[in-house]
Amino acid sequence: MEGSAGLSKAAKDERSWRNFNPGPWRDSIDVRDFIVRNVTPYSGDEKFLVAPSQRTKAVWAKLQPYFKNEQKKGVLAVDAKTPSHLLAHKAGYIDRDNEVIVGLQTDEPFKRAIFPYGGLRMVENGLKAAGFDADPQVHEAFTKYRKSHNDGVFDAYTPEIMRCRKSGIITGLPDAYGRGRIIGDYRRVALYGVDRLIEAKQAERAQIDDMWPSDEIIRQREELSDQIRALKDLAAMGELYECDIRRPASDAHEAVQWTYLAYLGAIKEANGAAMSVGRISSFLDVYIERDLKEGALDEAGAQELWDQMVQKLRIVRFLRTPDYDALFSGDPYWATECVGGMDLDGQSLVTKSSYRMLHTLTNLGPAPEPNITVLWSKHLPEAFKRYCIDVSKRTSSLQYENDDLMRPFWGDDYGIACCVSAMKLGKQMQFFGARVNLAKCLLYAINGGRDEISGDQIAPAAPAITSDILDYDEVMEKFDRMMEWLARTYVHAMNCIHYMHDKYFYERLEMALHDRDILRTMAFGIAGLSVVADSLSAIKHAKVRVIRDDTGLAVDYVTEGPGANSVPQYGNNDDRVDSIAAHLVTTFMQKIRKHPTYRNATHTQSVLTITSNVVYGKATGNTPDGRRKGEPFGPGANPMHGRDSHGWLASCLSVAKLPYKDSQDGISYTVSVAPQKAHLSDDELIDGAVKAFDTYFEHGGFHMNLNVVDKETLQDAMKNPDKYPQLTIRVSGYAVNFVRLTPEQQQDVISRTFHGAI
Amino acid sequence: MSQLGELIAGSRYDLHTGLSPDAPDESEFHDDGKGAFGYVHSYETSSRYDGPGLRIVLFVSGCLLRCTYCHNPDTWHLKDGTYVSAEQVINRLRAFVPALRSLDGGLTISGGEPMVQRDFTRRILAAAKGMGLHTAIETSGFLGDQADDKYLSQLDLVLLDIKSGDAETYRRATSRDLAPTLRFAERLAAMGKPVWVRFTLVPGLTDDPANVDALAHFVAPMKNVEWVEIQPFHQLGEFKWKAMNLEYRHADTSPPSPELINRVREQFRAAGCRAR
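Residue numbers (the numbering used here), protein chains in the order written: chain X, 1 to 758; chain W, 759 to 1034.
Treat the hints as calculated values from the structure; they're not laboratory data.
All values reported here derive from a predicted model rather than from experimental measurement.
Careful, some of the hints might be misleading.
Said to hold, decoys possible - Stretch by stretch, here's where chain W covers chain X in the computed footprint (C-beta under 8 Å, at least three residues):
id, segment
1, 562 to 576
2, 645 to 651
3, 689 to 696
All C-beta atoms, glycine included, are put in the ideal place defined by N, C-alpha and C.
Only chain X is shown next, with the shape it has when bound in the complex (with noise of 0.2 Å):
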């Protein structure tokens, strides 16, 4: 083969093995078994990194100014011919000389791809937006000779589920784009090359070759068969950047390299709204390690490596509508990465490669992009504790989430889809289900299947709440039939999407990162919860009015009567209200599970919004719990804005209650502090802050995105965004840069409670 010729295949993996200790890693295709049996825990302090090297800081300028053109016109150029795949584009470079890690998505940097497989409309409307023509031969191959996943989707919808579309209560659907959420394990590529993979894949096939040809066998042998020709075509790509990752990698640069390979043929393949990196931190520390003991690389050769992958990360693009930018805002892709953990031994996965990855905020700004994930564990070491939260001081572009609660569940190699879902690496891969509005789901329950704003009839007509005072027990009963209908017909829409996804927009190089016989999920998710928690709180402890219009629709709610200034509100460590928000968790996750699923896969919840939870509350009207038509919900899984008048603690009380085992796919919440400008030195803010952490984690919190900035700063980066270009704010789930949200969402963020000093 290619640069490897009169090498037999072993004594190739011999030399790139060099040194590692061996084990079952070495015979099957096991990353984990490598990990554990090879990586160096790194317990000191951050001391030991290093500046930027020449090279990356060339590269770095040289994008600058794309970043500041992107910022002013959007969209700076389309390939609007060319469907994407894994070898649609030619080569394409930065700056040739001084890039140490290559690979673009097209041939230029910030040039998009089209997607139509997904769906045409959306490529043509993003194009549109966009001040870019459509291509008219792509119309034409895709309107008469190649059906998309979104034509599938809608011949298969039904007219009840087109209707809660449009009514917005359930939204968001991967109906007309990549479903994302899936995570090829593309550290595989770096350790055992592309060509034992394909022998792998290979042996896969043949074990079913036998097995009578039920659907379920038929479409495996379709997938796998796609999967060796997707690797075949990865293996092409690697060529044209002039890498043969048919064989391992046998040092740290091509280590990092076939690794980035890899994850970008996944975004040439496929553009899912998350697209995330897994965990490579520590496996790649392993080849650096081993080149650092070598003496083939220093510090400074190391960070760039790190530095020029994260380059690479910042600047992937996808095309978009305007619609999907109101609900995503700031123009995301979740190419997460997590750091830290523990292993299922107890010693930490903490590298000297987890801190190189932070120290790319550092070295090249705060920004949203990668989405660093820290995964927290109580027994972390302390010194990579305190300089998570000092990083996070810095550039508000962390967020941290529970491994001592996911390691029960997940062991200790999963990563992260998106904000919060986690997934054992290349062992498990998601439905992506967005959410639905729960609150709105509330009102239907009153109004009898009727919509509050357009007053249509959107669920089945029922009996609706005729009273003038709400009464607990009815609204409960009515609203649990409610919730009964609007599980069946998410379970119902989502075995559609995903359905037609599978058929005709098939991930097959992110699935060929995989193990054939895998854990799928399907990931539901409810919008709204802090809202309706607060809503059924205020009419079991207060009196709550309806008002109604003259066609008899409850359009307003006034609390009343002995208790209306004291009802209890969801984020104040009240349990009188926060065990109803964790009884909606469960109640709606019980009702999701009665309905079978696509592919049998295991049915999980999120609570997390994103930033849809502007989108959501302006197509919801006047709720029970005072909160005004139009107005936003609190985001993922926090209170609603200025209730949890406590303080954080009592705030973070609250959510740690939601129960993780009914929400596996996630449970967020984005706390914002200002920083203190009190008498406390750094060093103390700082053990607070860990001391927080711990105590938050410890009472079963899930998650964190953790924001230190005040509202002043804000507030004066609305007005002159010009002097912020690289502001970073985490919102739930992800880092955006605040100036690229609209007005809309950055006086959201603003508004959103701050907690004082953490």
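Given chain X, put chain W in place with the hints provided.
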């Protein structure tokens, strides 16, 4: 007697007035010796300002001082608080105990003046200690004579606001005498009770170098004083004065400059105080 209410939401900067209109006048208010009920303005759970670690701060209503720069004029009268049972307060507190302990924190009762409702606050402090929490009160010390040793034994720390070193300035700032506070400070020193002295720096009122020096030299010899904390005047309470139709003398007072804060801090340090 006021109707029993629920603890309500709020930080020290939320305006609460007239929640218990039937409450007695705080200057004539006498505890019943049991303290099973009392008046509470609000509570916060996440303060790092009011004692070591993370503090739950319970703001009780009722105060005999009338500081011209007070940021909580809506805690002066008992009637501005909600009438609640000590049991309710203790139950709220209980929900936070494990978290507060792992955060090395505790309970701080502020106000208002905690010693106006001596029996009520003592009962809560005793319960907090019983749950293993660190306890503190923030007090002007004006009612210090009435705090018996049993009361003080429930306290791990006293945040003692000495608003001025000079008696004349003290009266101008608070409308009361300085002497009871100094007596209380000396008593705490004699018994070795840990104290953080707090001094509110109000430009044009308390910033006179002689005033600062007088306080600094009074405090310096006291071994029980762990910190002297300079609290810069701010305007976050201004809206309350307006909303309550009170005459506010500090509408034009600016927060102290960093230079002024530094000067005052150095004055304390020069006298031998551990100041911040």
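Going through the hints against the structure:
{"no.": "1", "hint": "562 to 576", "result": "holds (count 8)"}
{"no.": "2", "hint": "645 to 651", "result": "holds (count 6)"}
{"no.": "3", "hint": "689 to 696", "result": "holds (count 4)"}
This entry satisfies every hint, going by the numbered hints stated previously.
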